[in-house]
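Peer 1: Model the full assembly from the supplied sequences, consistent with the hints where possible.
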Amino acid sequence: MNKLLTTQDYEKTCAIAKDHLEKQQKRVLICCGTGCVAGGSLQIYDRIKEKCKEQGIDVCVSLEHEPHDHNIGLKKSGCHGFCEMGPLLKIEPLGVLYIKVKLEDCDEIIEKSILGDEIIDRLLYKLEDKAYHRQEEIPFYKKQTRLVLANCGNSDAEDVLEYMAKDGYEAFIKSIFTKTGEELCKEVTDAGLRGRGGGGYPAGKKWEQVRKQKETVRYIVCNGDEGDPGAFMDRSIMEGDPHKMLEGMMIAGYAVGAQKGYIYVRAEYPLAVSRLQTAINKAREIGLLGENILGSGFSFDIHINRGAGAFVCGEGSALTASIEGNRGMPRVKPPRTVEKGLFGKPTVLNNVETFANVPLIILNGVDWYRSLGVETSPGTKAFALTGNVNNTGLIEVPMGTTLREVIFDIGGGVKGGKKLKAVQIGGPSGGCLTEEHLDLPLDFDSLKKVGAMIGSGGLVVMDENTCMVEVSRFFMNFTQNESCGKCVPCREGTKRMLEVLERIVKGNGTLDDLELLQELAETISKTALCGLGKTAANPVSSTLKYFKDEYLAHVVDKKCPAGDCQALKTIYIDAALCKGCSKCQRLCPAGAISGEIKKPFTIHSEKCLKCGACLSACPFKAIKEA
Amino acid sequence: MENKIDYEKADEILSSYGKNSCYLIAIMQDIQSEYKYLPVEILEHVAHELDVSVAKVYSVATFYENFSLEPKGKHVIRICDGTACHVRKSIPILEKLRSELGLSDKKHTTDNMEFTLETVSCLGACGLAPVLTLDEVVHPAMTPEKAVTLLNDVRKEDAAHE
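The listed protein sequences correspond, in order, to chains P and R.
For the first sequence, the positions run 0 to 625 when numbering that gives the first Met the number 0 is used.
For the second sequence, the positions run 0 to 161 when numbering that gives the first Met the number 0 is used.
Hints listed in this document are in silico derivations from the structure and should not be mistaken for laboratory results.
Here the structure is a predicted model, which is why all the values come from computation and not from measurement.
A portion of the hints provided could be inaccurate.
As the list claims (entries may be wrong) - Which stretches of chain R does chain P cover? Using the computed rule of at least three CB atoms under 8 Å from a CB of chain P, they are:
(1) 59-66
(2) 77-83
(3) 117-128
(4) 132-138
(5) 144-154
To be verified - Straight-line distance between alpha carbons at most 25 Å, and here's what the computed PhoX-like set of lysine-lysine pairs gives:
(6) P:Lys414 with R:Lys105
(7) P:Lys606 with R:Lys95
(8) R:Lys88 with P:Lys623
(9) P:Lys609 with P:Lys582
(10) P:Lys414 with R:Lys145
(11) P:Lys609 with R:Lys105
(12) R:Lys145 with P:Lys101
(13) R:Lys88 with P:Lys505
(14) R:Lys3 with P:Lys418
Using N, Cα and C, we set each Cβ at its ideal position, and we do this for glycine too.
Peer 2: So this is what it looks like as structure tokens:
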């Protein structure tokens with residue numbers, strides 16, 4: 000690829016790439032996000048490529064060649080979001096989305112849908128006997144507004160030229176040639192862009208604070224340490240449209256006068272790291288990163304730092320400490336990151352989704368951006384919809400969309416027709432929403448009012464068989480494991496809370512324990528050093544508030560109404576089914592089973608450990624749980 | 000048993016980062032992928048070469064979950080216990096594999112050094128929950144039975160190679 004030296008070079012290259020894209024008779028996009036790769040999409044890609052070659056079909060896997068008519072574009076795309084239905088394959092301009100594609104389907108796809116215009120009914124998404132031909136008609140997509148994720152699934156994630164063919168880097172070039180840093184900060188502030196990492200702090204304000212610092216060495220840091228279990232929005236952006244995020248960082252760099260950017264990515268996201276590295280290399284090669292970009296006088300470069308498995312590194316000061324090669328422990332603030340961040344210099348720290356919003360604002364304007372979402376939270380938000388819901392996946396909706404629309408219209412309701420019990424939002428720092436909140440608009444401020452938070456955007460749907468006490472134990476266990484140990488309230492407090500919760504799920508809790516939980520929760524929230532500690536008790540406080548009865552059932556009646564807590568179950572033998580073979584008696588580690596051969600056996604509940612060894616062993620399925 | 004530590008690879012890695020101590024984490028990541036764990040001798044060598052204290056290197060190595068001071072098994076299985084996998088019942092899979100391999104929450108690696116079984120907080124593949132990774136390859140929609148089949152497949156493959 001030739002290095003671009005001027006804006007004319009850039010425009011010319013864009014025009015050629017656009018021409019090439021338009022001349023592609025068919026574009027075959029195979030989803031190569033983590034989910035579909037796990038389902039074998041890379042093998043499908045290879046098979047189609049190989050088969051096309053065998054048949055002498057003119058296949059282009061990148062836009063680097065001369066544009067020519069009647070060629071077929073074959074692309075590895077980013078995540079479509081509909082992970083449950085993967086591997087996904089999309090064919091443009093037919094607009095058809097094939098689901099659960101297998102290697103055996105490749106020949107038929109080539110013959111009918113690539114060479115011809117026939118649609119293979121068997122591979123279409125179907126709901127209630129209706130087959131959906133076009134992707135955007137599928138209910139999962141119909142109610143979404145995919146802007147930040149627009150290219151995810153529709154573009155070759157590794158091809159910088161394809162990004163440029165779709166107006167990529169135009170916002171950056173517009174910024175460095177026609178705007179000042181001050182104007183850009185103001186634009187982002189006026190657009191009302193709030194940090195998508197959870198806090199919702201106005202991004203433009205942060206930029207302006209860094210821009211105004213006396214110190215001239217400044218840094219841009221992108222937080223890609225998406226540690227919240229159940230969240231994968233940032234992973235999908237990094238994998239599916241890495242250039243958009245880089246462009247956002249580059250604009251921020253120019254706006255605040257920084258020359259270096261760092262991306263901190265979780266070690267658990269190897270694919271994101273490799274896609275980002277490819278994207279950075281390509282951007283350097285083509286001259287969009289480096290010294291004196293397109294002759295503008297602005298120089299900027301980006302480095303990747305891989306995390307090493309510490310949730311606390313999602314916190315700003317811990318993250319910068321980790322980039323510096325230290326233990327990732329938060330520090331007391333002030334000074335804030337905007338004053339003394341990475342290497343003690345003023346630093347803009349935003350998350351992946353926040354940066355990916357920036358090019359959209361610069362390209363389409365403040366008014367356009369503010370027309371989306373709600374007054375205090377403009378724009379869209381990506382959510383990871385998971386748990387006991389029919390359509391799990393990655394979605395993007397305007398801020399202020401109600402929970403009902405998300406779960407029932409997009410998510411297709413609770414799995415197996417069960418009853419919705421709760422929606423956990425915002426991961427281990429967030430809270431639970433219940434049926435009464437179904438019409439609550441999802442935005443920063445509305446959620447705060449009911450004791451939850453948008454967090455990074457994980458939405459975990461829980462059905463009636465989920466025990467909320469167990470869920471809060473699960474989150475407390477997570478936070479306790481991840482507490483860095485620097486401050487006492489978090490290190491000791493979360494440990495005590497976990498002990499209490501473990502007691503309760505084992506049936507050994509008392510009413511005093513509930514009060515103790517409440518007291519600990521309040522103390523930790525008020526006194527912990529960083530965000531992790533301050534929000535650690537949220538899942539407990541919010542379940543105590545909305546599911547008090549369930550806690551009471553555990554401590555007073557020693558019962559788990561959801562039937563989830565192992566220790567509170569009773570295991571019994573159904574006398575009608577038991578043949579008296581004595582297998583269970585021989586297996587029981589506690590000697591809790593007795594009986595006479597060929598007559599029904601009994602379990603003595605006072606001795607039973609509820610280990611379940613007998614349950615799976617019984618050849619007659621006579622042993623049951625209640 | 001290997002009793003001689005090969006410092007050559009570590010030196011190559013150190014030089015590739017210009018022996019700059021702010022790359023300590025990246026250096027140790029590379030060392031771990033080369034040696035499969037962080038041998039104490041190598042950590043001391045790293046401290047010496049970067050001109051930082053051994054305590055500093057050790058403190059960073061023990062802080063992060065991904066670093067291991069113990070050698071791991073030939074195959075590493077990581078069961079995701081993120082929220083989505085947890086509510087779709089990942090724990091029974093963990094328990095099944097533990098009993099198959101004779102491991103526990105204290106013992107993660109089999110005596111014959113064949114398998115290491117760990118949990119991981121979230122792999123971000125929540126749409127396919129519950130998932131596990133076997134040697135970095137993600138396996139979707141697992142059940143205890145499927146996991147055991149997977150285990151036996153690996154054993155069979157290894158036996159065929161011997």
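Peer 1: Hints first: check each against the structure and report whether it holds.
Peer 2: Hints, verified against the model:
A stretch counts as covered by a chain when three or more of its residues have a beta carbon under 8 Å from one of that chain; for the region 59-66 of chain R and chain P the count is 6, and the coverage holds. For the region 77-83 of chain R, the stated coverage by chain P is satisfied: 4 residues place a CB nearer than 8 Å to a CB of that chain, which reaches the threshold of 3. With a threshold of 8 Å between beta carbons, the proposed coverage of the region 117-128 of chain R by chain P holds, since 10 of its residues qualify and at least three are required. Taking a C-beta to C-beta cut-off of 8 Å, the region 132-138 of chain R contributes 4 residues in contact with chain P, enough for the three needed, and the coverage statement holds.
Counting residues of the region 144-154 of chain R whose CB falls under 8 Å from any CB of chain P gives 0; the rule of at least 3 is not met. Of the pairs offered as hints, the one joining P:Lys414 and R:Lys105 is violated, with about 35 Å between alpha carbons and a cut-off of 25 Å exceeded. This hinted pair checks out: P:Lys606 and R:Lys95 have alpha carbons roughly 24 Å apart, not beyond 25 Å. Pair hint R:Lys88 plus P:Lys623 holds up; C-alpha atoms about 19 Å apart against a cutoff of 25 Å.
In summary, the hint linking P:Lys609 to P:Lys582 is supported, as the alpha carbons are separated by about 16 Å, within the 25 Å threshold. A hinted pair counts as satisfied when its Cα atoms are at most 25 Å apart, and P:Lys414 with R:Lys145 qualifies at roughly 21 Å. Using a Cα cut-off of 25 Å, the hinted pair P:Lys609 and R:Lys105 holds, with the two alpha carbons roughly 21 Å apart. As the CA atoms of R:Lys145 and P:Lys101 are separated by approximately 19 Å, the hinted pair is consistent with the 25 Å bound.
Distance check on the hinted pair: R:Lys88 and P:Lys505 sit about 18 Å apart at the alpha-carbon level, within 25 Å; holds. For a cut-off of 25 Å, the pair hint linking R:Lys3 to P:Lys418 is broken: about 61 Å separates their Cα positions.
In this structure, the hints that do not hold are numbers 5, 6, 14, in rising order.
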